[in-house]
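Participant: With the hints as extra help, turn the sequences into a complete structure.
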Amino acid sequence: MHMAGAAAKFIPKELLIHTPDGATRPLALDRDRFTLGRSSANELCYPEDAGLSRQHLALEKNGESWVVRDLGSKNGTFVNGQRITAPHPLGKNDRVTAGHIALDFGENSLPAPVDQTVVFIDGAAQAPSTSTVATSLKGVLSQEKEISGAAQMRALVRAGRELAGNMPLAELFKLIMNLSLDAVGATRGVLMTLEGQELVVQAALGEGFRISNTVRDRVIKDKTSLLVRDARLDEAFADRMSIVQQQIRSMLAVPLQTDDRVIGLIYLDSSHFIKEFTKDDLNLLTVMANVAAIRIEHTRLAEVEQTERIHAKELEQASEIQRNLLPVQAPDVAGVDLAGYNAACHGVGGDYYDFLPYPDGRVGVLVGDVAGKGMPASLLMSSLQARVQVLFEEPTDLAAQVTRLNRIITSNCPSNRFITFFIGIFDPKTGELIYVNAGHNPPLVTHASGSVEKLEATGLILGILPMAVYQQGVCRLAPGDAVLLFSDGVTEAVRPDADEEFGEERLAQVLAGLREQSADSIIACINQKVEEFTGGAPPADDITLVVAKRLAV
Numbered sequence: 004m005h006m007a008g009a010a011a012k013f014i015p016k017e018l019l020i021h022t023p024d025g026a027t028r029p030l031a032l033d034r035d036r037f038t039l040g041r042s043s044a045n046e047l048c049y050p051e052d053a054g055l056s057r058q059h060l061a062l063e064k065n066g067e068s069w070v071v072r073d074l075g076s077k078n079g080t081f082v083n084g085q086r087i088t089a090p091h092p093l094g095k096n097d098r099v100t101a102g103h104i105a106l107d108f109g110e111n112s113l114p115a116p117v118d119q120t121v122v123f124i125d126g127a128a129q130a131p132s133t134s135t136v137a138t139s140l141k142g143v144l145s146q147e148k149e150i151s152g153a154a155q156m157r158a159l160v161r162a163g164r165e166l167a168g169n170m171p172l173a174e175l176f177k178l179i180m181n182l183s184l185d186a187v188g189a190t191r192g193v194l195m196t197l198e199g200q201e202l203v204v205q206a207a208l209g210e211g212f213r214i215s216n217t218v219r220d221r222v223i224k225d226k227t228s229l230l231v232r233d234a235r236l237d238e239a240f241a242d243r244m245s246i247v248q249q250q251i252r253s254m255l256a257v258p259l260q261t262d263d264r265v266i267g268l269i270y271l272d273s274s275h276f277i278k279e280f281t282k283d284d285l286n287l288l289t290v291m292a293n294v295a296a297i298r299i300e301h302t303r304l305a306e307v308e309q310t311e312r313i314h315a316k317e318l319e320q321a322s323e324i325q326r327n328l329l330p331v332q333a334p335d336v337a338g339v340d341l342a343g344y345n346a347a348c349h350g351v352g353g354d355y356y357d358f359l360p361y362p363d364g365r366v367g368v369l370v371g372d373v374a375g376k377g378m379p380a381s382l383l384m385s386s387l388q389a390r391v392q393v394l395f396e397e398p399t400d401l402a403a404q405v406t407r408l409n410r411i412i413t414s415n416c417p418s419n420r421f422i423t424f425f426i427g428i429f430d431p432k433t434g435e436l437i438y439v440n441a442g443h444n445p446p447l448v449t450h451a452s453g454s455v456e457k458l459e460a461t462g463l464i465l466g467i468l469p470m471a472v473y474q475q476g477v478c479r480l481a482p483g484d485a486v487l488l489f490s491d492g493v494t495e496a497v498r499p500d501a502d503e504e505f506g507e508e509r510l511a512q513v514l515a516g517l518r519e520q521s522a523d524s525i526i527a528c529i530n531q532k533v534e535e536f537t538g539g540a541p542p543a544d545d546i547t548l549v550v551a552k553r554l555a556v
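Just so we're aligned: the sequence shown equals residues 4 to 556 in my numbering.
Keep in mind that the hints were calculated from the coordinates and are not lab data.
C-beta: ideal position from N, C-alpha, C; glycine also.
For each label pair, taking beta carbons as the anchor points, the in silico distance ranges come out as:
#, residue 1, residue 2, range
1, Q474, R498, 34 to 40 Å
2, G483, S386, 34 to 40 Å
3, D335, E503, 37 to 43 Å
4, P171, N216, 29 to 35 Å
5, L468, N216, 53 to 59 Å
6, V70, C48, 16 to 22 Å
7, E165, I124, 31 to 37 Å
8, Q200, P360, 57 to 63 Å
9, G75, E51, 20 to 26 Å
10, P499, T399, 45 to 51 Å
11, R36, V204, 37 to 43 Å
Below 25 Å or equal to it, Euclidean Cα-Cα: the simulated PhoX-like pairs (lysine-lysine) are:
#, residue 1, residue 2
12, K282, K77
13, K224, K282
14, K141, K282
15, K226, K141
16, K141, K224
17, K95, K64
18, K95, K16
19, K457, K532
20, K64, K77
21, K64, K16
22, K432, K457
23, K177, K226
24, K226, K282
Facilitator: Now the structure itself:
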């Protein structure tokens, strides 16, 4: 007969097994007895868990309920933090712990989300009680006898051997965590590294960590290793409900220290006395953390170097692609001597130049300069090159075509990027140069008479105002006259021993003295003068030069 209000009997059908690697798996209770231990004869076998005995415990069905029986284990079996000495019936939400294994009995097999958040709690900075031991890496290393036990030496040898291998940082953090737990027999732990001013969790076994600010500051700032033998007896922790609720009794906190620099900390605790932490454990973990910190720094350095190698390779490939976008050599156009030069200061850059020969004998000469340097500028330069090739395939109304180019660039260009641009269409037969200068450095025209003329801007920089309208200008080159297009990497080249730029005036003077030279010679001489001016220092900006010289008929 069913009685209203009677509580339903808890009959577990499965349990959850939590292992030291942080994994959780369900176990169906489909037989009457399970044993757990290091021996392979157990249904639940964990040979790597040094906290377990070969035959540690048994789970036995008793009617429709279950009991747990300790099989004479060395370190004991615990139910909800209490060591059992006789068969113990298991109820809803009970937790059985043995070694580093935890077994949870609940209504379903879905594990609760693991909260690996670490909360730092305020605490008065009382003087350490008799239950607290403090040391330092320097103190431990200065006394060799502090690390002398056979078990400690085995732990150090194992740590040295396993940490010597190459592995990604994420795997290294987990390995250090597991080595630390095994070395001192802790049940929970967290490894954190300093990233800027913040401590970031990199590996953890367990959840709900609450660490005293005092402990954190002594470890990180004072480079102190701390052992609290019994948190319930220490005034700094006795009034902390979080400690009581988690049944935290013993804890270790040591700095991840490389020589004199602290890069993080390792915190371990134990919710029951499987093995009380000792000063030997503190010394051992302090040295292990030093070995681990050095390995972390080496791995970080190796990963940075690998990233830099990959970046350098990608940069080299990008540089090759960009070089292929620029003219391999100037085209052979009757009546005009053409030459071009480009050097990116960072492998890739934002400078662009081109020659566009047309079937009627005219030739387009153009140069552009994307604001900024490096990869972002080079991507915009590539985009500019593609659009120019299409828009100026047939030069009809040059001003209208540049106006259209500006609208396209403005709609696609990031707000912090812009492009200076110059295009001129030169007719060698008549000497007429029709041009549009969108905010670029004024090209210089040197005449046979020795005078130098500037082709000033006829519109705004590209990419700023979508409705900008551009005008075209016209000049005429007599036989022997030449026009020089250049980027600001030339005029803004700086003398290393003085705050002085090469400047447009000096460039004009150099150009005037080269009016008898060929286009290639003009570029070579200008580069030489700039190099002499800067004392051979690496350029701080991309350098581009283009020369078109009208030949005598």
